[in-house]
Each structure stands twice: as structure tokens, then as C-alpha cells.
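Colleague: What follows is each chain in one-letter form.
2 protein chains.
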Amino acid sequence: MNFTVAFTTFENKQASVSVPTGTLLSDAAGLAGIEISQPCGGQGRCGRCAVQVTSGDVRQRSTLRLSDEALSQGFTLACQSVIEADVSVFIPEQEKIERKLTSDRVAAEVSVPTSYEFNYSQTIRRYNVRLNEPSMDDQTDDWSRLQTALRQQHKLEQVTCSLGLLRRLGEALRKGDWQVNVIANKDEQSTEIIDVRPSICDDDDPIYAAAIDIGTTTVSLWLVDLTTGKVKAQVAEYNGQIARGEDVISRIIYSGKGNGSQELQSKVITTINSLCETACKRVKAQPADVIKATIAGNSTMIHLLLGIPAASIRLSPFITAVNHLPMTNARDLGLNFCADALVDCLPGVASYVGADITAGVLSSGVDTADEVTLFIDVGTNGEIVLGNQDWLVTCACSAGPAFEGAGVLHGMRATNGAIEEVWINGQNYEPNVRIIGNSKARGICGSGLISLIAEMLLTGLLDKAGNVNTNLPTPRVRQGEHGAEYVITWAADSESGQDIVITRVDVDNLLRAKAAIYAGFNVLAEQVGMTMGDIQQMFIGGSFGKYINVEKAVQIGLLPDMPWEKFSFLGNTSIKGAYYTLLEHSERERIEEIASRMTYIELSADNSFYDAFTSALFLPHTDAEKFPSVMEAIISKQPAH
Amino acid sequence: MNFTVAFTTFENKQASVSVPTGTLLSDAAGLAGIEISQPCGGQGRCGRCAVQVTSGDVRQRSTLRLSDEALSQGFTLACQSVIEADVSVFIPEQEKIERKLTSDRVAAEVSVPTSYEFNYSQTIRRYNVRLNEPSMDDQTDDWSRLQTALRQQHKLEQVTCSLGLLRRLGEALRKGDWQVNVIANKDEQSTEIIDVRPSICDDDDPIYAAAIDIGTTTVSLWLVDLTTGKVKAQVAEYNGQIARGEDVISRIIYSGKGNGSQELQSKVITTINSLCETACKRVKAQPADVIKATIAGNSTMIHLLLGIPAASIRLSPFITAVNHLPMTNARDLGLNFCADALVDCLPGVASYVGADITAGVLSSGVDTADEVTLFIDVGTNGEIVLGNQDWLVTCACSAGPAFEGAGVLHGMRATNGAIEEVWINGQNYEPNVRIIGNSKARGICGSGLISLIAEMLLTGLLDKAGNVNTNLPTPRVRQGEHGAEYVITWAADSESGQDIVITRVDVDNLLRAKAAIYAGFNVLAEQVGMTMGDIQQMFIGGSFGKYINVEKAVQIGLLPDMPWEKFSFLGNTSIKGAYYTLLEHSERERIEEIASRMTYIELSADNSFYDAFTSALFLPHTDAEKFPSVMEAIISKQPAH
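These protein sequence lines map, in sequence, to chains H and E. Heads up, the final residue of the first sequence is numbered 640 in numbering that gives the first Met the number 0, and it's a clean run with no missing numbers. Heads up, the final residue of the second sequence is numbered 640 in numbering that gives the first Met the number 0, and it's a clean run with no missing numbers.
Just so you know, not all the hints are guaranteed correct.
A pair counts as met if it fits within one copy or between any two copies, since identical chains are not told apart.
SDA-like, lysine to any residue: derived pairs with alpha carbons at most 20 Å apart [what the hints assert, rightly or not]:
#1 K625 x Q536
#2 K154 x E187
#3 K174 x S315
#4 K185 x P325
#5 K174 x L314
#6 K174 x G163
#7 K174 x G255
#8 K280 x R511
#9 K154 x Q121
Everything labelled a hint here was simulated from the structure, so no lab data went into it.
Isolated chain H, as found in the complex (with noise of 0.2 Å):
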């Protein structure tokens, strides 16, 4: 091989390294210990890891997503830069991934539930032992020395154990001077030690447990005292996956690459450990306390955390390796748990109906609902199922990552600085916008976007087709250089100094986003022979869902045209099916049926989803009969012309 060796270095981050040539920047930066950002999965698609070039050069793979005038300037994509000489590099700022938002705010984004009724059907059990010292009459060997005290003390018959616990029996029995406190899983054949703690316990010590939702943007954990039911501390954060692609998509492709699949397996157990301990602290307790894990999540999530090839969900014609788990344990992941915590993982439906749906629908009360309900989770993907105690079909919607902001020009996630509500004016089309965090705008997060699509559709600013007017009295609808737009908020008002638009293209985007999903409510009812009135219900699922203002998604025609009250919003409906599962046996095996009775449609198989799609691609619909309630505040709203 010929190579050379080339001196990076990162001038403003203090930092360089020595590479062979060929080396990607990325990767460079990587190895000197700083992070870039790749929420592409390192596609050369975002153009978010855009990074300067000071001196020297590189052999650029791709340059697309960036300006003539960024290329002038020297930028380049990280991702799509090979090294082949000393080059000096400035990583902008503002390209690092900030994801404060703080656990505060994702925090205060789940709630503990109040209404559940807690039967305490549970399969953990605690046992409190005392054994007989061994003496040179009673050679006993440890373990036949506790199965006896078991099944003498508590009638337990057919005890086992890991190799693992084996390994920690000898040293808890005597250090608890041959009285123990045993936590087991107890099923009807058979009982299996999850831990040996050296001493005895009162009833009223807390058993530890963890509810979690592994969501392609953000991780919740809810510590569970198992002898109460009650949830005992909430914490959420990004998950640490993010880095390496935005969208299941990008993170399957990154998989994929080298030890990707391992760096990324890593990458989420690192993030539910951190949480675990973050929560742990609060209450006092130390992670290996916590003695059961239930997990919820998309399937390409449960693939990539228990370290299992997700490459053929990515690929026609989209299948997961497994979607029914087995039992797993803290151990074996690496998890920080208690080593033989089980970990149990949520039955999925299909490669992009997962676990996170059958939690959700087991959460909200889908499948025993005497009404026909529509339950969407709008999270990174948008899951939709129709259904009730009867019947359940489902199917998933490509509807792209345009709520979250990507493919909109200045889209950003809902972060400080995103404008997340707009309100424009009838008369002279000066919008109102309300920002999160007490500063500047930044860009617009998905459901500023709603909100803004509703409003210039109400104001005329946009006809059904999308097109913006230009046609009004109004300085903020001009040409620009992707077509018609219209300015939001002036520079001068700006975060970055520059005005923030929408554009003819950005509208297009999420016209097809919001005829995805819609498409989907269409094509599940057809499958069972209704039409949406036929729909009684909506539950909306998902951290996302918590923000829309539903009004608005309805005068876009994301959402059906309802009356008010039919609507609920239930936020993380996968992490409170991941909890009642967790509690409860009997919800354990529901969730299982659950998964059984979906009968999942895939679209891109579906004939009449190309139609339905087209049909919705209008504002709100192309048949507007369906959307009364728009009609009449678009004739209510707009001035007499």
C-alpha cells in the first residue's frame, strides 16, 4: 500500500492528529477526540457536518448541499472529505450538536400516569432466607445450599440461576452471614434468581425497575419502585446515537459501516446508563439495584441496541430479524443494572410498526376500544392504527423528517430559538410568532411549521395547491432564490443576522409529509371497508403530538376534520405501555396479543396509497368536503375580495 501520513489540525478546537492519507475528515476528527455531527448517517445528504478548510486541501467526494459561495469559502463536508496532505481545519460552531434542551423540558414531556390501576400481577418476587451455616457435617454446596432454604422457607421448587450469579453467590451468602434477601423471577414452571443481596428486607424497601423508550431522537427512563407500582423519578435525553444520522434510515446505513453497529449498540447503552444513573441518584439508589428493564421502541431501535443486524429493515423487502424477543439480560448488553437485570424488549409488528406502537396502542386502550380509534405516533416516523376491541390494522408513513425541520430551509429541531406558533394577521399579513427560550429566533420547528402552513393557508398567503400569493400587499412575499417565499421574521430580528423564510420548496415538503400520513388513515380504513367519517376517535401519541396545535394540523389536513373532543393527546404512549408491561404480568401477555392481532399494510405495496396521497397533496384536501370545519374558517378568515 502507498500511503503517507497527513498532519490535521482542528485550529480552533486546540487539537490535531496524524493520519494516513485517504483518511475521511470525519474520521480525523473522530479520532482527535472531536465530535461532528453526521445526522445523515455520514451520506453526504444533510450538509450539516460542513466544516472550513484553512490551509491545505482536501478531495472533496460530494459537494452537494453546499452554496457556490460556501465551496468559495473553503467549506466542505466532513463526511465527504478524504485527506491527502496537511490541512488545517475550522469546525463552526454552530454546526456542533446542541442538544440542551435540557432534560428539564423532555422531562416535563411525560407524565406520571394517575388513572392506572395497579393490580401488582407481577412476576418479580423478593424472599427474605436464612440459611444453615455449612460445618463438616453439612457440606452442602452453596446453591443446592440455597435451593434447599428456598423450597423449605417458601415452597419454591425448580430454582435456577445464571453462571453469573454463581459467580456472586458465595461472597453475598457469607457477607451476609447466611441471611439473604433473594429477588426472583417467578413464572408457573419455574423460578429464576435475578439477585442475592446480603441481607434481610423489610416489605416496605423499594424493588427498583425501569421503564424505557428508546426513540430515535430521545430516550426516556422511568424508575419504577416495583412494590408500590409508583413511578419514582423521569428522566430523558437524546439519544447518543444522534450523532451518527438523524432518521433510523441514516443510522441503519451507518450500522453497517465497519463497527458501526457496535459504536452505535454502545452509543444508546451508554445513553440508559447515564439515565439510569441520573435517576438513581435522585431516589438515593445505585444503578445495580435496578433488577428488570422493560423497553420499548421503533424495531430498528431494538435491533441496533441489542446489537442485532438491522440492514434488511432498510431493504425491499423491509424485513426485521426478529420481532418477538427473548428475555435478555443487563449483563450481556452492558448495561449498568444489577448484572442479571432482565431486560425484556416489546414485541414489534413489521420493520417500521414496532414495539413503540404495540406499547403505544396497549397504553391508550386501542385494541379494547368500543369506539373505531385512530391512533397516530408523530415522532421521528409517523405509525398509524386503526382499530378497536375487535380489530387492529396498521402501517407506517414515510412522511420524512420535514416536522422535525430537516428539508425545510431554515427548519430546526424544537429547541431554543425555534419559532413554535405563528399567528399572521388577515389584513396586512404580519405574523405573530411565539419562540422557545427567551431568545431570537433561530429557524422554525415542526409545529411553528403546522401552524405557519395553516395560517398563510387561512390568509391566503397560500392557495390549495401550495403556491404562495404574490400577488398581496405585503413586503414579506417575494422571489427568492428557491422560488416564492415568505419572510417570517426580518434579520434584523434574527438570531444569525439573516431573514427567516418559507419557500415554495419547504411548502412542497411538507404538503408530501402531511399527504403521507393522511394517505395512511386513508388507506387503513379502505382496508377494513370505512371512510374517515367512520372514524369515532383519535389518540395522538408521541412528544410531538404534545406540541401541534390540532386545530391547525386539521386546517392543513394532517389530521382528520373532528369535532374537538375526540381528539386526545396522550404523549409517550410508548413509554407508559413499556411501564404498565413492566407492572404488570397480565399487561405483558396483552401486549403480546397485541402484537398478534395487528395486521400490519405496507404501503409501498398498497395501490390505492398513490391516490389517496395525490388526493391529500392539496390544502387541506382535494376534497374539501371532508374538511368542513377549514372551509368555513378559510371563507371566515380570508378578507371579502
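Here the structure of chain H is known, so what remains is to put chain E in place on it, guided by the hints.
Modeller: Coordinates of chain E only, in the frame set by chain H:
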């Protein structure tokens, strides 16, 4: 000189040689490149060089050690047979001994059982499976697809697998183009998949598994084809832990230091991996083809293998962590087998009566014997079992490592340069020795020490109490640094250029060692209300057992004075037990029963042991009536005074 040439054929060795008439059969074999073991140096005393003359005739100088029945079948001692005409000879396999200190040597110590009837009551099964390829109309996940196919094509319900297998499953299915071979372990309730191989297999393709004996000194592995039950390769190596302590006590102490436990575990795993690789190479297989291992070994070896703390084994009241171990797998232990290969450690009874002994009882059949049987495994420790089909008692003798050459001034292991047998002239007290390998004497090993003590006793060099008789007319008896001593090899003939001697202290150590073992026999017999005279047969296991001269072992009072035909030398009974339990599920159940049936007697807590030990500190014993044949030999050999 008058001689003619005789054509000598060694029929089962595919070898023949022409020799002058008058040549010894043993010499003719040597000329033909065939090693016939002659433990007594060709004096016709040990009987171990017996071969069978199938045609032609030889002149027999001595037929000592051959029964009338053997003689009638044509057996003759190779070292005592003079070739006088063409002759054809069959050399029984068991007589071959190779003492290279290489794996070859150890490999030769084990022999494939031929008498064992193979019933194939096997839980390991193999299934060819043809799956439907997934499509947009059939998006079933890989794991459910395989489960369904196994149910439909092989009527298997309740199929389970590990997380590790799920990680490999997708690749195997696709690589095999949806035609795979599944290896599984099937019990009454469920079927657990061990491996999924990406192709359909033939019925006569082998399924490799391993029977392993982890000795303190030597690890042996037999590679077995489960489809036929045949042993395909036999390998052995020194246990890699040996550099960290020669006996179990030193190992336990070492395991308690720092990361000693991990180090010892890693060393024995490395040994097993190396053995597996060597064995697989011989049959052109890969270690990853091995799908199960059944392991025997003493309790300390099993604890150290599994990384279970062994400290309590060493400390009163001598408790193991566990005797009946759960099934584990190759991945968790770091073995280079198939990742999900089952690792089945056989059950032990107590700290010093481990799975090597239960396996020995099984393979030797003590537990099904009609006659009262005494079984001893002479390895680094001396474990004893007394019993028959109705009862089994067992104990362990802290014989110490004297018979391994430790605690003896010029003691050494049975490697090159070790004196392994000694004959002493009763008139002039000059010794005749046999040395392992083609080298000068370096020291004296266990079998040599037994032989030496016996000869010294018979010739009057030692009295009953073990005192060296300094009044004899020989320069070989003298006062040395350690009291009276006998020179076995003069400096001129030794490797080191120093005299090789045995001292009074050495003799005491050996007396204590043999007394401990004999006292163990006594205590076990007493325990069941018997005397030594009630014992009807004796089984001797262990590689050491294979090399000791029983006559001499009886003469020093190490083994009871019984007719020659009541002794059976069984070699490595431990690995044979592992092999049988690997092959047959019924044998696996039998060994659990054996472990449960064996009543363990702790000698250190037994009052009668000390008395028995003291009585056995004489040569051959305080109670000479127990050793009538020895008394007779002493009288016949010693010159009249």
C-alpha cells in the same frame, strides 16, 4: 554360527521384518519400528508387554504374569519370547506406551473405548429447513419465518434461541438462499437452536462435539462425531494453569490474588481452544463446527474454568459454590467453538470429589457393579469410591504430591530423564533402573518411587518403619545431609553430575502419602461395616495408575493385597465418563443420579481416620496379616541372615 532367518509379521501394524532366529520378539518389533512398552525393562516381571502369537511359534523363557487362559490364546511376553521360525503377531493396542512429554504422549494414554454400545439417546438434533423467501406480501421477520418452517417441516414447537444466534440469523438465511441446516438441542419441553448453517446437509455429514477432561496437570479432549458416536481425534496438553501452581490448593490461592481468577480461567480456556484447534485440524474441521462440549474435572478445575470463586473449597469446612452446574455456552466462556455451543459441566459431589470422579464411577461402572468395588483415581489427588449397585461412599485423601515427585529431594514428574522403575539386586544392593526417554537420569518420578521403596523393603534396605538400614555392605547406603540415604544413581551417570539419592525424609513423605490413601480405603470400608477383606475388585483410574506397578504398589502398602486379576487399570476414566454422557442422554441422567447417590465422608472430621493413618505408616502396614503376599516376598527375596 548356525542361524536362519525368520519372517516376523506384525499383522495389525502393517509391518514385518526378517530377523535371525534367536531374536527376541520385543527386539524384532523395535527393528520394525514398533514400540512395545516394557515397564520392567524386559525382565518378564511386569507382564505389560504381552502380545498374541496368531501363527507360528516362539520359545517362551518365562510366562510369569500370564494366566492359563491367556497362554491358551497364544499370549506371550514379547520380552521373553525367542523367535525360532516365521511368526505372526498381534499387538494389543493397550500395551503401547509413549512417553514423549508432548501431546502425543498424553494422547496415547487414552484409548477409544470399543466395547461401549452406542444407543444414540441424543438430545442434539439436526434439521434441514427450506424457507419461503420473504416478499412484500410476506414480511414475516426472519426468526418467526424459521420458527414457522420448523413447525411445519419438523413439527417442532417452542423453539428458542439466544440473542447471539439472532445476531447471526439473517446472514445465515440469506447466505443459504433460504435453505439452511439447523442444529438444535431438543428436550421434552422445547427445542433450543445452537447453530443455523447456510446450506442443506447430508445425513452422513458429521456433527462435532467434544468430551473434555480438565485435570490439574493435563487437559484432554476427544473430538466426537455425534452422528456415529465415534471418537475422531484425541488430543491432550498440559493445563495452561500449571505455571500458576501445580496442585489445586496453590491454584485456589493464586485465584484469590488480584485478577488471578480471570488469569487462571483464561489459561485453561486457551488450553482447551488450542486442543480444539489441533483436533479439528486432524479431521479438516473448524472449531466453530463444535456444537457441544461435556466437561469433567475436579471441583477446583470446574470452578476456575467457570470463573466461580473457589476460595471456600480450600478453607474449613471446605464448601464448593456449586456442584450441579447450569448449562452454559461457548460464547460466555470464550471458547472457540460455535458461539452457542452448549457447555455441559458434569456434577461433582464435594470440594475434593468432583466431576472427574462421578465421571469415573460412571465409565468404570462402579454404580452398577454386583461386586463390592473399590475405585481410586490416582491423579494429583487421590479420590476413592467404594460401592456397588446398591450404595456408594467416597472420600478424598490429602495424599499430597509426593507421588508426583514433590516433597522428595530428587523427585520429579514423569518426563524425560525420570527414573520410572527400579530393581535392586538382593545380594549386592546394586540398582537397575529404567529411565523415561533416551537420556541420563535427572530424578525419580512417582512410579519410580513406588518401585524403589518396594525394592528397598524387599531387599532389607528399608525396615518396616521406613528406616534405612545402614549396616549393609554397600557404598550406596550412607549418611547424608538429610540423614541416612541410598544412592540410586552415581554422579557419573546422572544428568546433573550429582548423585541421585533417596533420603529418610523422602521415605517418610512417601509413607505419609501412601498411608493417607490406604487409611482412606479403611475408613470407607468401616463406614459401611466392612473390612478390607470384603472388597471384591479394584478399579484404578488416572494416567498415573496406568504406569504404576501394582505388585510394587501392594508391596509398599499403597494398594490392598488382592489377587492380580482383581485389579483393573482403566486409564482416564474421567474423559471416558464425559464421552459417554456426551453421547447418551440416559448416561447424562445416570451421572446426576451417581452424584446424588454418593455419600461423601470428610476424612478430616473422621475420628477413625487418624488411627487408620498411623497404622498404615509402616511397610507394608502395622498389621502384616493384611499383606500376606508381601510378607512372603520379603522372606523369599532377602538373603538369610
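Colleague: Hints first: check each against the structure and report whether it holds.
Modeller: Cross-check of the supplied hints:
In this assembly of identical chains, the alpha carbons of K625 and Q536 lie at most 20 Å apart only when taken from the same copy (16 Å versus 97 Å across copies). Taking the shortest alpha-carbon separations for K154 and E187, only the intra-copy value of 13 Å comes in at or below 20 Å, while the best inter-copy value is 25 Å. For a Cα distance limit of 20 Å, the shortest separation of K174 from S315 across copies, 17 Å, qualifies, whereas the shortest one inside one copy, 56 Å, does not. For a Cα distance limit of 20 Å, the shortest separation of K185 from P325 qualifies both inside one copy, at 16 Å, and across copies, at 18 Å.
In this assembly of identical chains, the alpha carbons of K174 and L314 lie at most 20 Å apart only when taken from different copies (16 Å versus 54 Å within one copy). With identical chains, the CA atoms of K174 and G163 are at most 20 Å apart within one copy only, with a shortest distance of 17 Å there and 34 Å across copies. Taking the shortest Cα distances, K174 and G255 sit within 20 Å of each other only across copies (17 Å), while inside one copy they are farther apart (47 Å). Taking the closest pair of Cα atoms, K280 and R511 never come within 20 Å of each other, the shortest separation being 45 Å inside a single copy and 61 Å across copies.
For a Cα distance limit of 20 Å, the shortest separation of K154 from Q121 inside one copy, 18 Å, qualifies, whereas the shortest one across copies, 33 Å, does not.
Of the numbered hints given earlier, the model fails hint 8 alone.
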